[in-house]
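Protein sequences, first through last, are from chains A and B.
Everything in the first sequence is counted per our numbering, starting at 971 for the first residue and increasing by one.
Everything in the second sequence is counted per our numbering, starting at 42 for the first residue and increasing by one.
Mixed in with the good hints, there may be bad ones.
Have a look at the derived ranges for each label pair, beta carbon to beta carbon [unchecked claim]:
id, chain 1, residue 1, chain 2, residue 2, range
1, A, D1248, B, E82, 21 to 27 Å
2, B, R152, A, R1286, 27 to 33 Å
3, A, D1128, B, R127, 34 to 40 Å
4, A, A1330, B, L132, 31 to 37 Å
5, B, V118, A, P1002, 44 to 50 Å
6, B, K97, A, G1195, 22 to 28 Å
Reference listing, derived: stretches of chain A covered by chain B, where coverage requires no fewer than 3 residues with Cβ under 8 Å from a Cβ of chain B [unchecked claim]:
id, stretch
7, 1052-1065
8, 1090-1104
9, 1156-1164
10, 1183-1193
11, 1336-1349
No lab work stands behind these hints, which were simulated from the structure alone.
In this text the structure is predicted, and so the values were computed from the model without any measurement.
Cβ coordinates follow ideal geometry from the N, Cα and C atoms, glycine included.
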Amino acid sequence: MIKETIEKLEKRKISARELVTHYLDQIKKKDPELNAYREVFDDAFLTAEEIDKKIKHGDTPRVLEGIPFAIKDNILIKGKMSGASSKILEGYTASYDATAVKKLRDEGAIFLGRTNMDEFAMGSSTENSAYGPTKNPADPTRVPGGSSGGSAAAVAADMAVAALGSDTGGSIRQPAAFCGAVGLKPTYSTVSRSGLIAMASSLDQIGPITKTVEDAEIIFNVIKGKDELDATSLEVELPRGSSTSKTIGVPREYFSLAEGGKEGLDEDVAKKFREAIDFLKNKGLEIKEVSLPSVHYALAAYYIVMPAEVSANLSRFDGVRYGAREDGKNLFDVYAKTRERGFGEEVRRRIILGTYVLSAGYYDAYYSRAQKVRYMIRKDFENEFKNVDLLLTPTTPHPAFKIGEKASDPLSMYLEDIYTVPINLAGVPAISIPFGSVEKEGKNLPVGVQFVAPWFEESRLFEVGKILESK
Amino acid sequence: MKIWKNIFIRSRLVQEIMLSKDDIKKLAELARIHLTASEEEKLEKDLSNILGYIEKLKDVDISNVPEMTHATEEKNVFRADEDVSRDDILLREQFPESERGYLKVKGVFERE
């Protein structure tokens, strides 16, 4: 999609202005119903005109020249409002570009707008946005997934060529699967987190949501790399050329991850997953059953590590330096009232939970134990990657659910991420790729499958992803 | 200091984790979030559920397992202690309240 578009630009079959017009028209037509965008920028045409001038002048187009992007509302764009879909950041304007945004900009990308999300990326349905839920383009009575639901819906409904999202426990892959898009969570530390509004810093990664695997690859190659502004970022020499994968492991635990009878694998999704396995077998890949025994504990460990980091990261939102401020009789009162009015229910819940697991006397029982379990999960992946080149799992246990269906029960919403969370804990890269759809109540709902690769082996994901996509 | 006096929340060894309303009040104070009575009640229930789920970690044998502190091989990074601040005009524009270019906040100490 990106390559073809740039070819057309270069041959002047289409102008950047026409591209922007097309996507803004789509937004005007579809977004009143879908609510994928929080804001559509008014300067996309200005950038487009500059690009058209350069092309007219005979300049060689850059890697993303003229490509219209949607950016999740927790990734900063200098001079634009940015709010992580939270009331507490109402009126906040970013004073710098996130490194990933700067890299896109330097390659000629055009930013159409910022997309809706679960507040501070906490949620799996985009219902936790302070600005109303986003709807799934395949069936607007259903959620698009989350937390990058706006970005996934924008790409799936052709309201952008590609989007950036962020993934802490599945927030790129799950909405990509629900909406029928490709979603990549890169290896932890390959993409700079500078300018990403932090949720849980040891898990957060920025990644692309796209229409094709090739597009995800192109964008990943643009945004990756060491950055002085993120001390955890690494310069990675990614393996070049064909790394032809031969064996794919299917972890047996993924089929027994039912929690209290709540989240067993949906039968139709299981059928699609078996189809994907058969397809890959026919393409000459060997499929092996493997075991990740500790993943049974992944979600429980995640719900200690993540809220602990959340409670620390979100202490900066206190109404003092930016965003909304509520008045109070003293400084404590200003903090407490600002954070009461500014944060939504789920954000408050996770901050309090994080405060609890970190309180004195509880470190060993919770945080330390969770970090040890996290080590065991990482080891499980390490062990199996000695036997297989990649892992394959369903991305989600079921297709998109109805808006409101899980809103009143936080635990059932948390279980949404049961297939994606272990990957963030281990830090490995994974990609969700659309694989057909299942019919529910007369609607065809997209299904995704997830490939997982060893650390820094994104190229394997792209390679096998393209094979699966060819179906 | 009233805030720190109650930081220790009594420990429980039972599987069923039940938080009391007082626990929630203390946590909210530590987290600097004001809660209404009905929110306290709801949180009490929600957190007890979540903590009940997390209890399954107690089944894992973690003897001789180290804590994982980094997802990838990381080394400490140092840089020279130089001012690298960026454009601060936009930063200052974000101040909810300012006086003569300075950020203005409520006093920490109150007059008798």
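| Range hint 27 to 33 Å (beta carbons of B:R152 and A:R1286) holds or violated | Roughly 29 Å apart at Cβ, these two residues keep to the hinted range, so it holds.
| request: Can you let me know if the beta-carbon spacing of A:A1330 and B:L132 is within 31 to 37 Å? | output: holds (35 Å)
| Cβ distance range 34 to 40 Å for A:D1128 and B:R127, holds or violated | holds (36 Å)
| request: Count residues of the stretch 1183-1193 of chain A with a Cβ under 8 Å from any Cβ of chain B, then say if the count reaches three. | output: violated (count 0)
| request: For A:D1248 and B:E82, compare the CB-CB distance with the range 21 to 27 Å and indicate the outcome. | output: violated (52 Å)
| Lying within 22 to 28 Å: is that true of the beta-carbon distance B:K97 to A:G1195? | violated (39 Å)
| said: Can you tell me if the stretch 1156-1164 of chain A counts as covered by chain B, using C-beta to C-beta distances under 8 Å and a minimum of three residues? | reply: The restraint on the stretch 1156-1164 of chain A holds, since 3 of its residues have a Cβ under 8 Å from chain B and three suffice.
| message | Tell me whether the statement that chain B covers the stretch 1090-1104 of chain A is true, taking a Cβ distance below 8 Å and needing three residues at minimum. | response | violated (count 0)
| Within 8 Å of chain B's CB atoms, at least three CB atoms from the stretch 1336-1349 of chain A: coverage verdict | holds (count 11)
| task | Establish whether the coverage given for the stretch 1052-1065 of chain A by chain B is satisfied; the threshold is a Cβ-Cβ distance below 8 Å, and no fewer than three residues must meet it. | result | Coverage by chain B holds for the stretch 1052-1065 of chain A (4 residues, Cβ < 8 Å).
| Does the hinted range 44 to 50 Å hold for B:V118 and A:P1002 at CB? | holds (47 Å)
Hint violations for this structure: numbers 1, 6, 8, 10, all remaining hints satisfied.
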